[in-house]
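A.B. asks: For reference, the chains in residue letters:
There are 2 protein chains.
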Amino acid sequence: MVIMFVVLAAAAIALGYALFNYKSVKGMDEGNARMSEIAAAIREGANAFINYEYRIIFIVAGIVAVVFGIIFSFEEGTFRWEPSAAFVLGTSMSALAGYIGMKIATYANVRVSNTARLTLKIGSTLKVALKGGSVMGLCVGGFALLGLFLVYVIFGFGMGYLNMDSIETTGSIFTQCLSCYALGCSIVAMFNRVGGGIYTKAADMGADLVGKTEAHIPEDDPRNPATIADNVGDNVGDVAGLGSDLLESYVGAITSSIILAVSLFMHASIESGLIAKDMLEKMVFYPLVFASIGLVASVIGIAYVLFKKESDNPHRDLNMSTWAAAAITVIGGFIITGSFFKGADFTGTGFSLGYLSPWIAASIGVVSGVVIGAIAEYYTSDAYAPTRKIAHASVDGPALTVTEGLATGMISCMAPLIVLGIAIYASYAVSGMYGLAMAAIGMLSFVSATVSVDTYGPISDNAGGIAEMSRLDPEVRHITDKLDSVGNTTAAIGKGFAIGSASLAALSLMVSYLYAFSPSGSLDLNFTDPLILAGALVGAALPYLFSGMLIEAVSKAAQKMVEEVRRQFREMPGILTGQDKPDYKTCITISSQGAIKEMKTPALISILFPLVSGFLFGPYFVGGLLIGATVSAIMLAIFTGNAGGAWDNAKKYIEAGGVEGHFKGSAAHDAAVVGDTVGDPLKDTVGPSLDILIKIMSTVSLIAAVLFSQYNLLGWISTLIH
Amino acid sequence: MVIMFVVLAAAAIALGYALFNYKSVKGMDEGNARMSEIAAAIREGANAFINYEYRIIFIVAGIVAVVFGIIFSFEEGTFRWEPSAAFVLGTSMSALAGYIGMKIATYANVRVSNTARLTLKIGSTLKVALKGGSVMGLCVGGFALLGLFLVYVIFGFGMGYLNMDSIETTGSIFTQCLSCYALGCSIVAMFNRVGGGIYTKAADMGADLVGKTEAHIPEDDPRNPATIADNVGDNVGDVAGLGSDLLESYVGAITSSIILAVSLFMHASIESGLIAKDMLEKMVFYPLVFASIGLVASVIGIAYVLFKKESDNPHRDLNMSTWAAAAITVIGGFIITGSFFKGADFTGTGFSLGYLSPWIAASIGVVSGVVIGAIAEYYTSDAYAPTRKIAHASVDGPALTVTEGLATGMISCMAPLIVLGIAIYASYAVSGMYGLAMAAIGMLSFVSATVSVDTYGPISDNAGGIAEMSRLDPEVRHITDKLDSVGNTTAAIGKGFAIGSASLAALSLMVSYLYAFSPSGSLDLNFTDPLILAGALVGAALPYLFSGMLIEAVSKAAQKMVEEVRRQFREMPGILTGQDKPDYKTCITISSQGAIKEMKTPALISILFPLVSGFLFGPYFVGGLLIGATVSAIMLAIFTGNAGGAWDNAKKYIEAGGVEGHFKGSAAHDAAVVGDTVGDPLKDTVGPSLDILIKIMSTVSLIAAVLFSQYNLLGWISTLIH
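Sequences listed follow chains V and Y, in order. Residues in the first sequence are numbered consecutively from 1, following our numbering. Residues in the second sequence are numbered consecutively from 1001, following our numbering.
Hints should not be assumed to be uniformly reliable.
Derived DEER-like restraints, expressed as beta-carbon distance ranges [said to hold, decoys possible]: (1) Phe1074(Y) - Leu616(V): 50 to 58 angstroms; (2) Leu8(V) - Val1612(Y): 46 to 54 angstroms; (3) His1315(Y) - Thr719(V): 41 to 49 angstroms; (4) Leu1616(Y) - Gly354(V): 21 to 29 angstroms.
Examples of chain V residues lying across from chain Y (beta carbon under 7 angstroms, computed) [said to hold, decoys possible]: (5) Ile56; (6) Ile59; (7) Leu209; (8) Gly397; (9) Ile411; (10) Met414; (11) Glu475; (12) Asn526; (13) Leu537; (14) Gly548; (15) Ile627; (16) Leu720; (17) Ile721.
BS3-like mimics (lysine-lysine), calculated; alpha carbons at most 25 angstroms apart, straight line [to be verified]: (18) Lys597(V) - Lys1389(Y); (19) Lys1560(Y) - Lys600(V); (20) Lys1482(Y) - Lys1308(Y); (21) Lys1560(Y) - Lys389(V); (22) Lys560(V) - Lys1389(Y); (23) Lys556(V) - Lys1389(Y); (24) Lys1652(Y) - Lys389(V); (25) Lys652(V) - Lys1556(Y); (26) Lys1482(Y) - Lys556(V); (27) Lys1600(Y) - Lys389(V); (28) Lys1556(Y) - Lys389(V).
Source of the hints: derived by calculation from the structure; they are not laboratory data. Yeah, the Cβ is synthetic: ideal placement off N, Cα and C, and Gly gets one too.
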């Protein structure tokens, strides 16, 4: 199909622009020797961790690929290497994006401090930070589409599995390749998010618990032995982790809609012509087209802010790039969808509003994503009542800070879920189940813009750390702090997009899952069936178990960090007076080892739990499990994300003098720091990992669906009895 | 039916024994004048609150009864007073049980302290406390069954709605009466639990936040102005609240199974003879029979411990009464079920193991209730690793205490949900959907024994408070402390029963709900329907919203209390030196007003949310809403209950010297107190209210189901379009 060149072109534009920005950032000056030295230490720590982590991913991915090869070959009675290859392709794309994005972040941080130092202007500093962040953002969109292009070209056209005339026999191989590609991205995301999340929060909590609370030294003070580890953590967790997380969401949304279209296609073929053939073909390619439009729109949005005149309102500039990308996506989508679908035969598709139906569904996704983001901003920004209430409660001690934050997080679940409910119903009403998948794509179509903005946050945070550790002019720190605080709000908005799209993608994967083992095409998942009900209950408990384990992992690693920092302060009293240099390396090692050790179990759970229960209790139990887990994970993700964000900003609100008579260092501030510390693992480790969890579970189940229905213990027992 | 005399006899035995214990406790001596004075103050505060609260319940119940009368009369075109009357009966039974149980608790508390003072023996003190608690326990079972007896006699036989020959026309009136009876109990429970929960936790947190943390005076110190309010709170929240909560669960479980049986009955009649008529008749009466067995078994279990030789192991004695009641229920059930169902025709019932099938299902309920209780004990008792881990984490500050507690609570969800999943599948496999309802009854059949043991806890807690305030010998306080700490564990076990049975009851109400508006009898609740899916998502957010609002309510009231206590300490410095007497009354007023003011919104939400969404989006949306809310509420209830219990006991563990080098008053203990304070509203306000929430929602929806399907906006719009 000629349309694939559009996809390739979009990917090439994005990756080309990323390369340009990479070179442009790296070509800048690092500043004085002290700054270079600190930046090198952070870079070294980040590289060491990601190299070690990638080695583990490499091993796990290798095992999974071999297992897939054996299973699929065994199942189909012929050597079937394609799904494994697609899986490896997925891991490579995701790993590459994370690696490159993180690499440039460790160059950009010090250049941001240096720009602030030289210009003392917020506008020029913002541009460097955003340019650094844009590499991650553009790599996410570019590599994701490049990989999908390769899947289509190699397996779809090259191997002929997307041949429209034999789709009923080869379609399932093609969807398997797509699922495995998505799973490859998911697994890297899981390791990067969980590993990076544990790393960064162990370091952060460790640094705060002793540094801020006990020794009362400011954040990023060079006397704190955990401070370099904390800055390394920003890069491995908030940059690489976030990037591969959203790449995974993006790929998940796109593949789930393609898989759904192919499934519809196969069923239509089986039932001979329920939907017109050329219409189905269009539906298989449309998700890629829409994603390409979004990617080009993101390039324009980012470029606009980077090339336009400097301003001193970073919040507006950043929003501008996102909203511009969103608007261009919607408008571009309107134009292209029109010519793409015009004149097609819509019989049986459920497209109730003609050829614009899928565009409307995608636009519903765009709008609801924006609304969910705005709701997240309301609950987490200190410009509004909820966060201020937490700040004021801190006056009465840490217990009330925590209590108020929990309450805010819980209450914040309702509004986004109503939006999501409306989006589901409306997009379905417009375009059937395909509309649901398109809404997910819409929400994520301009992901490159949002990730660029999200990545800019940790880069600015790091820049502030370097400024503090190099004892630069306080004005420099003031500039980076301002950039960082804007980053907090954009991060909360980004999380809204991530969880919203993840739930839509998981739900449409669900439908493909049901198609996979029910050849009659009846999509029955009846909750009065006790097996499905039991599955839903156990499934709902799974995100809780997973979250609890992640929190324990962080807190275990943080406790070790606390002990180490205390030990150094005790054994080398010269550190606090500034005479001795703290031992940064040991702290980095503690975070690394803790992360590597603790990330394995939760990652394995997400893969093995649906597999084991499928082979024990069959596909319907797993169907319940997936729904239960999805519903419960959405709630927990919103609850933890918003509570954590609100605590963080409540603390910042007190620091900014928002609560009269209580400033930095007061008892109220100490209480707010407790809230912030409690929120750290919730918002940066648990919340973001939950949307990966539900998508890995759905994808794994989808891949194994046929096997579940053929081989399961419960079915075997019941044939034995009867 | 002659079987109704068995029910009446069981109720009479329980209420008679309650009366005996009431008189026996009240006849004991109160001790010295100071003790009498304090006890009178507590009693006065409790009475004032419950009188005021009951006035509000009276008004709300009156309005609901009138509305019901109008709606039902309008719907059926004839004056229909019966459901309203049944509703009022339900409120009366629940209100009476709560009132009597609380009344005797405010007499028993001081008599427990006096017994400890006079005998200095833990065995005799335990007996007084348990005797006091048994009044609440026996009233729960007794009044619940008495009310059900009246519903059967008045509406079933008297009005003839349970006439087996005209069941297809009158059956729905009878189930409406049953639902309304259950709703009456639920509404009182909601007010008592929520109002009492806010009252007690506002006082408790207020007392702790200033008293323990700032002024460093011990718990229950008479110098703390909030201390009387704190003790009043134990009575209105932990006694009256708990009693009407479990009465509601008990009634909910019984009525849901009867309603299900009648629904089956009506469908079988419509489809002419799917299940044999005499079999269906038995199924309608069996739940009452099994409940009666459990009630008599509970009387025996309690009496055994009260009459047996004194021991010095209160934990074993209390467990003995519960386990004895459980064992007698199972054995008695076996004997009576045999003769009850023997020879009946099981065609179409789904009873796969013959006439013992429903007994097996109920026994599955008993066993899984016990296992869920044991799991709760594991996660919350300081004898095991999870709670100890929290205690040790407290050494590194309050943030890690809170973090570890959250992790423990989250992890603790999986095991009970697996048990619940197995119980659902197994009881269904044995006896169909009826089995699910019977499992819920099994779990709660010996509720009178568990409530007696649960109520003993707050009575002992109060006794300790009175001992402290009357400056009795520390040995007295030592005895009551020991009793209180055992009470903590039994409370956690009781919560396991409550949420387990609530979820089973809600699920079987769900089935009756589906029956109610789908006359074809197809119980379809398909999750690939976007309307149901949207309902489930919004439903899942509802318990979060509800919980968040409750926490906010508590924290708002607690903040007021903190200000008041601080004011008194500031304006009357003589209080802390013991020269001035603090102003207890104002604190009591603050708790009362806070509770009354804050309980209305959450209570109304639970009634109005399903109603409004039903009239907007129709019965299928509400079906999704109920499932989503149930699944999400179970998780939150277990999470909050276990996290709260674990924090409480982690603090006690440090006080008992479990963490070497850290004792009462140390920084680690202060951190643990923060955890305990955070957990207080979670475990005593939020958790227990959640199971009432899901049952009120299910019951209200069941009552309005037919209306939803006749009148809803979405349906109206769609007929308008087509």
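A.B. asks: Each hint: holds or not?
C.D. replies: Hints, one by one, checked against the model:
no.	hint	verdict
1	Phe1074(Y) - Leu616(V): 50 to 58 angstroms	holds (52 angstroms)
2	Leu8(V) - Val1612(Y): 46 to 54 angstroms	holds (51 angstroms)
3	His1315(Y) - Thr719(V): 41 to 49 angstroms	holds (48 angstroms)
4	Leu1616(Y) - Gly354(V): 21 to 29 angstroms	holds (28 angstroms)
5	Ile56	violated (24 angstroms)
6	Ile59	violated (28 angstroms)
7	Leu209	holds (6 angstroms)
8	Gly397	holds (6 angstroms)
9	Ile411	holds (4 angstroms)
10	Met414	holds (4 angstroms)
11	Glu475	violated (32 angstroms)
12	Asn526	holds (5 angstroms)
13	Leu537	holds (5 angstroms)
14	Gly548	holds (3 angstroms)
15	Ile627	holds (5 angstroms)
16	Leu720	violated (14 angstroms)
17	Ile721	violated (10 angstroms)
18	Lys597(V) - Lys1389(Y)	holds (19 angstroms)
19	Lys1560(Y) - Lys600(V)	violated (47 angstroms)
20	Lys1482(Y) - Lys1308(Y)	holds (20 angstroms)
21	Lys1560(Y) - Lys389(V)	holds (14 angstroms)
22	Lys560(V) - Lys1389(Y)	holds (14 angstroms)
23	Lys556(V) - Lys1389(Y)	holds (10 angstroms)
24	Lys1652(Y) - Lys389(V)	violated (31 angstroms)
25	Lys652(V) - Lys1556(Y)	holds (23 angstroms)
26	Lys1482(Y) - Lys556(V)	violated (33 angstroms)
27	Lys1600(Y) - Lys389(V)	holds (22 angstroms)
28	Lys1556(Y) - Lys389(V)	holds (10 angstroms)
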